[in-house]
Amino acid sequence: MQDTTHPDRSITPVGTEETTFSERAATVYRERVIPPLRYLRRNTLMVFGLCILGGLTLLVLMSYLFYRQEDLYGEIQGVNGLSSALSVPARVKPNWNPFGEFPLGTDEQGRDILAHLTVGTPLTLRIGLIAAAIGIGVGMVLAFVAAYAGGWVDAVIRVLVDSLIPIPGLVILIIIATSLTPGTGLTVDQLAVAIAVLSWPGPARVIRSQVLVMRERGYVQMARMSGTGSLGIIFKEMMPNLAPYILASYVGAVTGAILATIGIETLGLGDIDAPTLGAMLYWIIELGALLKGQWWWLLSPTIVIVLLFVGLFMISAGLDEVANPRLRRRV
Amino acid sequence: MTSATALADAANTDASTDALLEVENLKVYYDTDAGQVKAVDDVTFTLKRGERMGLVGESGSGKTTMAMALMRLHKPPAIIAGGTVRLDGVSLLDLNEEGMRQARLRDIALVPQGAMNSLNPVYRVRDQIVDGIKHHTPRDEMPNKSVVHERVVELLNSVGLDGSVSEMYPHELSGGMKQRVALAIATSLRPKMILADEPTSALDVVVQRQIMLTLEQLQQEMQASVLLVGHDMGLMAQFADVLGVMYAGHLVEFAPIDEIFANPKHPYTKKLISSLPDIQVKGRFTGIEGLPPTLVVPPPGCRFHPRCPIYNDDEDFRGEFLELRGSLDTSLCTTVDPPLNEIEPRRWAACHLYEGGN
Amino acid sequence: MVLKYIVSRLAMFIVTIFVASTIIFFLPRMTGQNPLEEKFYQEAQRGGYLEDVDEIVAAFEAQYGFDKPLWQQYFTFMVNLTRFDLGRSIFSWPKTVNQLLAETVMWTLALSLLTAFIAFGVGTIMGALMEWKRNNTFLMVSFFPFMIWAAVPYFIFGLVLLTVFSFAWPILPGYGGYQTGVVGWPNWAEWDFLVSVLKHGTLPALSIILVSLAGWAMGMRGMMVTTKGEDYMLLAEAKGLPGRVQFYRYAIRNSTLPQLTGLALQLGLIVSGLLLVEVVFAYPGVGGMLMSAIRISDHAIIQGTVFVLAFGTASATLIIDMIYPFIDPRIRYGAA
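Protein chains in written order, with our numbering: chain B, 1 to 331; chain H, 332 to 689; chain P, 690 to 1025.
One thing to keep in mind: the hints can contain errors.
As the list claims (entries may be wrong) - Among the chain P residues that face chain H by a calculated CB cut under 10 Å, a handful are:
#	residue
1	R823
2	M836
3	I837
4	V934
5	R938
6	R942
As the list claims (entries may be wrong) - Derived CB-CB ranges, DEER-like:
#	chain 1	residue 1	chain 2	residue 2	range
7	P	N824	H	G413	21 to 27 Å
8	B	C51	P	R823	22 to 28 Å
9	P	F827	B	L61	35 to 41 Å
By construction, these hints were calculated from the structure, which means they are not laboratory data.
All C-beta atoms in this analysis are idealised placements derived from N, C-alpha and C, irrespective of residue type, glycine included.
Bound-form chain B, shown alone (with noise of 0.2 Å):
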């Protein structure tokens, strides 16, 4: 082991003598918050992705207050339940283009681009984030169970896990979405179950290797040997450090799963009247928006969509170089 100087060796000791609470503070400061905030600085990988993110949605938050709400979420009005909403054709004039009274323009369906992508946005972002989170928990409780279990258990998650991974997950989505919903599409929550269903696989494969690493690590053989629990094992030694793997893994999976709503979305069989980013694309390419010039309706949700997957692409790479420390550079 060759190691060379390192700069953060001189760790003062807290509380040997009688320390006033503004030096405490100031080492708290120095060790706790120093240190992640330097680490930042070198990762600027994750810091470009949280930056594009947070100007995503500062973006949405914007337009937020430059809509009314019932031009958003719209009121249901008379009989026919029809809604407000300027996020639902035939609110607005339709194929205005972006110079003149709507920011984005307008859409052949008369719907405005601007309060469309201000309730897709959050609407698309919501599906990925709740599918990511079932299907990381599920994987998790099980590669857990297969790690701890071992044996023929083990064996069981294993085969299964490697039999899913190369079954294509937007070709199992089809088969659902066509033959639960056929003909109208799959809304926006069955749509994140549906997502969710096929997306514990990876993470699942991930994590039990990580568990199988870490269980023979000392500090995890330490806590055993002193009589810790399994439960007391998985969650006082082996989260806080199983935590970047799995935050890689949830940033990959939100990633996964809009992808795939977006996927679905655009292939017509989502909740096309659903104001979602994938539901604009199916309207775009179903009408042809190019064929008419209407570049603009296709610009904005592009934009948005590349800004989203980039932003998470850079945090997962970011991630990557925190869970796996041998990419970080050296001193």
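Following the hints, position chains H and P against chain B.
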């Protein structure tokens, strides 16, 4: 090509002077976010042909960094900030990339630190011995396969391995066998100089001894010089002719091994040796109390003074140093970085104790 | 030992196919929908007569075996699959799904293999160079666009390419697999037809190649960071090996192993992405066929296509698994 002939010429003309490796004022710095780290600072020493030198020091003292820099294997952010390294009269730091590449393995070979992972897992042992030879032999002079194979078997035998090992993959070998293969690779072109960087650190004691014996045999047979970097003072005592001691990037003492054990000059060496249980049996380099200094902001003056038993007037060390201590101006210790001086014939130390005049 | 490895991989392949076909069989039947009934009632309504529909439905159900118990249907379904018999289309009766697939599968296979080889090969080398030659300006500069490309879904990038090169600056066709409306086409013996196929394939291929190339480059770059720190890389340099030997025989060779694992794990995603690209460009491949089957709810085609896609992905995974022992002796000799 030119460098190779230059080296050969140098070998002929310099045969009278028996210095093989001359290191002068070598400086290796790291440029980091926290500032410039002087990992190796002004290191000077000379190693004779056929001589075995040991180099010890704490983790972070710069010994491995220096060893790597000798072969120009240092990696960014490390840079060689100054000094010269001459091997058999040829200035290694002035060679171009290709010249340096040719010199590696042919003139100066490395026995690496991480024995376990130093072999490429995807190639057979034979291929890993042959590729070094192949890329140092002009294509038209490369012998045919059966001759090469014989050479490989010969090399493996010389490090105590069976010829059949040549067909094996690294994962089929034990740690000791891997390190022997590394020895076979290092000696495949009969280099003038072998640089062994803690070659036995991951092995158990019995295997360690065997490997060192093998290294010694090979070295004597080839009349190569060896620079052995390590922790193990017992191993050094058995193996080395001369010993260099590094502290915080400086070479603080350099002397023949028996003299250094009998009468260490530098307070750090002194403390180091007195901390060994019994050097004849086996002394692991456990180091001394206190933390090594950070090299980003090294202590002013002598880098050792915060831990120095003389400067701090430690009772256990008063005896033999008492006289010298009397004439020592301790204010120098905190202000002037002592240079490495030849204080007696063939004995170098970097300490204000021996700067009599002041 | 290598035999044990091959057998276990083959078993895994069979399990995957089994799981996939079971999902394909049971999912649609769990919902209680009856595709035949629906179809014929629709048709009947359109045609204006409703008298004999039940009988027609019954006749067709018998044809499809829907009147038999579920377990028996499942058994027949699985047995047929082993003979690669995917049944007959509901809407294009009596064409078999195999016949329909034969027209489309080659397009998809050509597009996917071509793009996968180019993207994986070039991307891997570029990513390795990015980390190897850290002072090369071109490679350093390309890092940023690669980072963005790698993140974007294929079909979104496809939409961008479509906008730019098919509409804003129309130099390439963005619809279909070849020029339509020419008498006698598709005719693979005709030069003009081949040119047309190439032109039409350019944008779909580019949207996959550029994105996944960037993805492989980023992955390989990360892998190289790890590989460069390995002890054997230091020894390779200390042995005086020329840079190119260190790069190809040591760095690339060893980073390729995890890179291939990455490929195997991502095949499912790649195929999903490919389908969407085919839809965006109305490419005459399996994706387009699936899309039109979805439109008309032809479950026989949907099931058959989905099975073929799952089979293809699983086969590709199997092939990669079979390549593995050739590059990693640790698998060949049963270690690790």
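Status of the hints after comparison with the structure:
Annotation: interface hint on R823 of chain P holds; nearest CB of chain H at approximately 8 Å, less than 10 Å. Proximity of M836 of chain P to chain H is violated relative to the hint, the smallest CB-CB distance being about 22 Å (cut-off 10 Å). Residue-level restraint check for I837 of chain P is violated (minimum Cβ-Cβ distance to chain H is 27 Å; threshold 10 Å). For the restraint placing V934 of chain P at the interface with chain H, the shortest Cβ-Cβ distance is roughly 6 Å, inside the 10 Å limit, so the hint holds.
Interface restraint check for R938 of chain P: the shortest CB-CB distance to chain H comes to about 7 Å, inside 10 Å, so the restraint holds. Restraint check, R942 of chain P versus chain H: the minimum CB separation of about 6 Å is within 10 Å; hint holds. Separation of N824 of chain P from G413 of chain H is about 22 Å and conforms to the stated range, judged on CB atoms against 21 to 27 Å. A hinted range of 22 to 28 Å holds for the C-beta pair C51 of chain B and R823 of chain P, which are about 25 Å apart.
At roughly 39 Å, the beta-carbon separation of F827 of chain P and L61 of chain B lies within the given 35 to 41 Å, and the hint holds.
Going through the hint list in order, the structure does not satisfy hints 2, 3.
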